[in-house]
Structure formats: structure tokens, C-alpha cells
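J.: Got chain B; can you put chain L on it based on the hints?
Protein chains: 2
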Amino acid sequence: MNHQTIKKVELKLVRGLLDLVVLGLLKEKDLHGYGIITSIRRNFGVYFGPSTVYPLLSELEKAGDIKSEWDLTHDRPRKVYSLTAEGKSLLTGAEESLYQICTRLNEFGMNRLQFNNGVEDKPEVNSMLSM
Amino acid sequence: MNHQTIKKVELKLVRGLLDLVVLGLLKEKDLHGYGIITSIRRNFGVYFGPSTVYPLLSELEKAGDIKSEWDLTHDRPRKVYSLTAEGKSLLTGAEESLYQICTRLNEFGMNRLQFNNGVEDKPEVNSMLSM
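Sequence order for the protein chains is B and L.
Using this note's numbering, the final residue of the first sequence is 1578, and nothing's skipped along the way.
Using this note's numbering, the final residue of the second sequence is 1578, and nothing's skipped along the way.
What the hints contain is simulated information worked out from the structure, not anything from laboratory work.
Keep in mind the model is a prediction, meaning the values are calculated, not measured.
Wrong hints could be hidden among the right ones.
Remember, identical chains collapse to one label, so a pair may be satisfied in a single copy or spanning two.
Here are the computed lysine to aspartate or glutamate pairs in the EDC-like style, where the Cα-Cα straight-line distance is at most 20 Å [said to hold, decoys possible]:
1) LYS1509 / ASP1522
2) LYS1455 / GLU1516
3) LYS1455 / GLU1506
4) LYS1535 / GLU1508
5) LYS1454 / GLU1543
6) LYS1474 / GLU1508
7) LYS1455 / GLU1543
8) LYS1535 / ASP1522
9) LYS1535 / GLU1554
10) LYS1535 / GLU1516
11) LYS1454 / ASP1518
12) LYS1454 / GLU1506
13) LYS1455 / GLU1533
14) LYS1526 / ASP1477
So that you can see chain B by itself, here it is in the shape it has in the complex (with noise of 0.2 Å):
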């Protein structure tokens, strides 16, 4: 597969979960619009610009997942977006899912997304260490 091919499978897989992504983000801590937009090319590779964060952004902020204030420290005013209560709670439920559906993945034979849940799973391998 060429680097090109691989880039718009990323590009792909990530727009996908961009709600994840943005939420993900602003667990870290609070950022403001293009703040997010760097972030995210600079932690996952791949470029989504104002055309696709900035809907997202209003999306999330009127379910209530996220909410935002105008930062007038700066010469130019921006608004700094947060999670909220919501979405923290949004988050967890969408990190379970996404736990879930890599371990279903997982037993379809993609061997890379293994989780490192094993050890209470297998009580053999505890009592080989206690003994």
C-alpha cells in the first residue's frame, strides 16, 4: 500500500471519530478553535480544517457535550472551548464503545488491537506469579 493510500485510510478512520478525537482533546485541557485544528494534525497526522472543526465545534457545544467563552486577553478575541459534565460523561461512553468494537475487531483476526486487559482474564498466569 503507497503513502498516499495510507494517509487517506488515516484521514478516513479519523474523521470518523473526530467527536472522539475533539472530545479527547479538551479532556487534556481547554483550547480555542484553531488551537484544536493544530492539535489535532500535529498528534494524529492528518489535516481537518475550519470547514469541518467549526461545525463540529457548534455541533457538540448545542448538545451540551462541550461550552465555550470569549478569551479577551489576547488583541484578538477567541472563544476557548471546555468539556462539560456531559461530556466527560459522553467521552467515557464513547471510549467504552470504542474499546468494544476494536476487541470484536480483535476476534476477526486483527491481531494488532489486542488490549492489555489479559491478566484478570487469566487466572493461570496470576497464580504461575503468586506461587
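T.: Using the frame of chain B, we list chain L on its own:
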């Protein structure tokens, strides 16, 4: 978060990963369209109807990632889909991308998305085990 919201989140996530899900199902075995629809519902707990799944199948076929053949052994002929070599390669790439995305989300505090690849990365654990 109520049950309805959880379902909505799951639906959105699976929709975002639907190419990957369909390719993953076809990696395990060849399926006709209706078989894919029921398999998604059974394995991922969300329903996508023909109006979502069939256009996706034509798109994947047009891109050369899957191919179809008429199965004439039943009363009603039906198209059976299988993965091509390109599709297998795309699936491996997508699996790797999803792995990278989850790993990054894990670094952003999503503790549930911790992959089971820790042993090679933690030589101190290895050396303890070999003592």
C-alpha cells in the same frame, strides 16, 4: 449516560469505521449483502440497512478492495462478496492506523484503550522475569 445515548454513540463510531468492519467480516469469510448486514448487527450490536451497506459495497468493489460473484445455487441468485489482495492490504493498513489512533487517544488519558504490547517496550519487566 442513558441507553439511548450509548446506542447513538456506538452507531456513530461503527459508522465511522464501517469500511474496516465490512472488510474485517469478509476477511473471515465470503458473505452476500444481507449476510453482511446481519453480521454487523450480530457482532457489533448496531443496525445498518441496505441503503447504507450496498452503496459501501459498490464503492469498495469499484476501488478493487472486494469482488463479487453470483451464487446461483439458491432459488434466488445472490452476489457473494470476497476480499481481494488489495482489500487485504488495505485492511492491514487500516488496522495499523486504528492501532495508532487508539494508542494516541490512550496517551490523552483514555485508559481503557491500552494495547497489549507492553512487554517488548519494558525491558525492566523482561529482566525481572528472567531473574
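J.: Does each hint hold? Answer for all of them.
T.: Cross-check of the supplied hints:
1. Neither within a single protomer nor between protomers do LYS1509 and ASP1522 lie at most 20 Å apart by alpha-carbon distance, with minima of 27 Å and 51 Å respectively.
2. For the identical chains of this complex, LYS1455 and GLU1516 are neighbours neither inside a copy (34 Å) nor across copies (28 Å), given an alpha-carbon limit of 20 Å.
3. For the identical chains of this complex, LYS1455 and GLU1506 are inter-copy neighbours only, at 15 Å across copies versus 25 Å inside a copy, given an alpha-carbon limit of 20 Å.
4. Proximity of LYS1535 to GLU1508 under the C-alpha cut-off of 20 Å is restricted to the intra-copy arrangement: shortest distance 13 Å within a copy versus 39 Å between copies.
5. Only between protomers do LYS1454 and GLU1543 lie at most 20 Å apart by alpha-carbon distance; the minimum there is 12 Å, versus 26 Å within a single protomer.
6. Taking CA atoms no more than 20 Å apart as the test, LYS1474 paired with GLU1508 passes inside one copy only; the shortest distance there is 15 Å, against 39 Å between copies.
7. Proximity of LYS1455 and GLU1543 under a CA criterion of 20 Å is satisfied inter-copy only: 13 Å between copies versus 26 Å inside one chain copy.
8. Proximity of LYS1535 to ASP1522 under the C-alpha cut-off of 20 Å is found in neither arrangement, the shortest distances being 31 Å within a copy and 52 Å between copies.
9. For the identical chains of this complex, LYS1535 and GLU1554 are inter-copy neighbours only, at 16 Å across copies versus 29 Å inside a copy, given an alpha-carbon limit of 20 Å.
10. Proximity of LYS1535 to GLU1516 under the C-alpha cut-off of 20 Å is restricted to the intra-copy arrangement: shortest distance 18 Å within a copy versus 47 Å between copies.
11. With identical chains, the CA atoms of LYS1454 and ASP1518 are never at most 20 Å apart, being 35 Å at best within one copy and 35 Å at best between copies.
12. Only between protomers do LYS1454 and GLU1506 lie at most 20 Å apart by alpha-carbon distance; the minimum there is 18 Å, versus 26 Å within a single protomer.
13. Taking the shortest Cα distances, LYS1455 and GLU1533 sit within 20 Å of each other only across copies (14 Å), while inside one copy they are farther apart (32 Å).
14. Proximity of LYS1526 to ASP1477 under the C-alpha cut-off of 20 Å is restricted to the intra-copy arrangement: shortest distance 10 Å within a copy versus 50 Å between copies.
The structure fails hints 1, 2, 8, 11 (numbered hints given earlier, in ascending order).
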